[in-house]
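Sequence order for the protein chains is Z and G.
If you read the first sequence in the numbering used here, its first letter stands for residue 167, the second for the next number, and so on.
If you read the second sequence in the numbering used here, its first letter stands for residue 18, the second for the next number, and so on.
Derived from the structure by calculation, the hints contain no laboratory data.
Hints should not be assumed to be uniformly reliable.
[To be verified] DSS-like mimics (lysine-lysine), calculated; alpha carbons at most 27 Å apart, straight line: (1) G/Lys22 <-> G/Lys261; (2) G/Lys161 <-> Z/Lys174; (3) G/Lys167 <-> Z/Lys335; (4) Z/Lys281 <-> Z/Lys335; (5) Z/Lys464 <-> G/Lys167; (6) Z/Lys365 <-> G/Lys261; (7) G/Lys88 <-> Z/Lys365; (8) G/Lys161 <-> Z/Lys335.
[As the list claims (entries may be wrong)] Simulated restraints, written as ranges between beta carbons of each label pair: (9) G/Met80 <-> Z/Gly282: 33 to 41 Å; (10) G/Arg123 <-> Z/Ala446: 46 to 54 Å; (11) G/Arg123 <-> Z/Thr319: 43 to 51 Å; (12) G/Lys167 <-> Z/Ile430: 30 to 38 Å; (13) G/Gln102 <-> Z/Ala178: 38 to 46 Å; (14) Z/Ile454 <-> G/Pro170: 27 to 35 Å; (15) G/Pro170 <-> Z/Phe329: 55 to 63 Å.
[Unchecked claim] Some, not all, of what chain Z presents toward chain G, calculated at C-beta under 7 Å: (16) Asn175; (17) Ile333; (18) Ala345; (19) Asn352; (20) Ala355; (21) Ser358; (22) Met359; (23) Val361; (24) Asn362.
Every value quoted in this text rests on a predicted model; they were computed, and no experiment measured them.
The beta carbon of each residue, even a glycine, is placed where N, CA and C say it ideally should be.
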Amino acid sequence: MRNWFNRKNIVALLGIVLLYAVVQGLIVFDIMPPFYKLTLILICIYIILSTSLNLINGITGQFSIGHAGFMAVGAYVSAMVTAIMHGPLLLGIFIGAVVAALGGLLVGLPTLRLKGDYLAIATLGFGEIVRIVFLNMEFVGGAAGFTLPSKITWTWAFLLMVFSVVIIKNFVGSTHGRACISIRENEIAAESMGVNTTKYKVMAFTIGAFFAGLAGAIYANYMYIIQPGTFSFLKSFDILVMVVLGGLGSITGGIVGAVVYTLISALLAGIPEWRLVITAVFLVVLMIFRPTGIMGTKEFTLGFLGKKGDKNATSKN
Amino acid sequence: MPLLKTENLSKSFGGLKAVSNLDIEINQGELIGLIGPNGAGKTTVFNLLTGVYEKTEGTMTFMDKNVSGLKPYQVTLRGMARTFQNIRLFSDLSVIDNVKVAYHQRTSYSTFSALFRLPSFYSGEAEMQRKAMELLKIFNLDDKAEETAKNLPYGEQRRLEIARALATDPQLLLLDEPAAGMNPQETHDLMNLIRWIREKFKLTILLIEHDMSLVMGVCERIYVLDYGMIIAQGAPDEIKSNPKVIEAYLGEEVV
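Looking at chain Z on its own, in the form it has when it is part of the complex (with noise of 0.2 Å):
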């Protein structure tokens, strides 16, 4: 236990406090504007999605852009458990995330052992089927979509977003998530130094699913409506978008990422003619201007903090 207590990790939790409760004031006092409160917590999802898939993508190295596949199925599973079956809301969070990870595990099993291309392919084809699959599912209202209540506030949002970013990070942290690394740096070293490639790649790629689930359970409960054609694979690239603007293997960078695309979307809300133009134009300086991404591989450290405290327990890529 004293381990957690470094100055490190008290000065992030102070700061994370800080922050929940500044906004959870202008709520209650009814200062922020509902739009604003929208924007936050789409960010606290964006955050999730981003960061788990900067597990498979930028951690472990493998190409998957079938995000919004494994959203759609936390989701429409959620859902059916909050709103069909009238169960707890947290329980329908955590099955939604469940099935979407058994879904990561069912669907890397074969594919994982394709690469690159072949992989992204795969996966992508994956989220078209799960989409088309929902389409068709006339209980959960096929293509006019489904209602629930919305039951998420912003102090869910915020809890289960610091959850998963905390989680994500405590793994890549350990011998696993090195483990992971050493497969994105060079596979075949990886597998001579001992290394079970495959499974550690599906480990990551269940993980992801895992958090992609529980992102799209707290979209689910949070947006009154969810459509199938929500979860297309525009979503998919919007996600990857995000983890590349804030820098594919930084998990901070991710964060980033999913922040300033949120904040760009919303800014440009009020001009949706222009949103996508300008959205692609700023893409494209970035990338050119700088093509790692805003923190590259980078991570942003309290390690100016002096102690040395959780030192060796993060990876420093």
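Starting from the known structure of chain Z, fit chain G onto it as the hints suggest.
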């Protein structure tokens, strides 16, 4: 009982027989050289032994157990480690993390413990850090532990690769051209290092090398490979004067 024994080991790529009917025997504690002209199939032999390639025919026995058909990581678990001809470090990882990856298979804590940062995670990581630093110290790389691997000078990258292979705790170490690209002084130091790690870690070593001063200097027995077949074997002095070997390297006399 030999530590490693292959019988009739063969590998074909389509119509090309890269290795044919390879019979080698390596005893515990030996330091064996595997030489041969370019394209003779030396690295293919390493890839067969470590499970990177699947054999076409034959048997491989390592420590009394059949190791054919195993995946590379399983071969490593059984106690066979290797380095690569073209260095394959985890170039964006720090020097110490390169070594820690090799300790991974003997990690004491579970994934669950890592995700929730249980005490066993901290003690496991501390133990790994200590062992990795000890190993780096032996290879004189401890002051560069936090350096990114790709920024090391060439000779140190070679040394790190050997250190990383040793971290898997092998019985048999396969070195694929460890002296490639080194100057005579560095080669000489490497020679001493190889002798020294053999004593220190009680290793058996099989090494591929083109640098004859190194091979003749450290190896007790040498296998010569040409066109995928063993054409000669024996002590360094015998090999030097063997007409078949001279022919393989220099070509037939025309006159």
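These are the hints, each one checked on the structure:
no.	hint	verdict
1	G/Lys22 <-> G/Lys261	holds, 24 Å
2	G/Lys161 <-> Z/Lys174	holds, 25 Å
3	G/Lys167 <-> Z/Lys335	holds, 24 Å
4	Z/Lys281 <-> Z/Lys335	holds, 25 Å
5	Z/Lys464 <-> G/Lys167	holds, 16 Å
6	Z/Lys365 <-> G/Lys261	violated, 47 Å
7	G/Lys88 <-> Z/Lys365	holds, 12 Å
8	G/Lys161 <-> Z/Lys335	holds, 25 Å
9	G/Met80 <-> Z/Gly282: 33 to 41 Å	holds, 37 Å
10	G/Arg123 <-> Z/Ala446: 46 to 54 Å	holds, 49 Å
11	G/Arg123 <-> Z/Thr319: 43 to 51 Å	holds, 45 Å
12	G/Lys167 <-> Z/Ile430: 30 to 38 Å	holds, 34 Å
13	G/Gln102 <-> Z/Ala178: 38 to 46 Å	holds, 45 Å
14	Z/Ile454 <-> G/Pro170: 27 to 35 Å	holds, 33 Å
15	G/Pro170 <-> Z/Phe329: 55 to 63 Å	violated, 44 Å
16	Asn175	violated, 10 Å
17	Ile333	holds, 5 Å
18	Ala345	holds, 5 Å
19	Asn352	holds, 5 Å
20	Ala355	holds, 4 Å
21	Ser358	holds, 5 Å
22	Met359	holds, 4 Å
23	Val361	holds, 6 Å
24	Asn362	holds, 5 Å
The structure fails hints 6, 15 and 16 (numbered hints given earlier, in ascending order).
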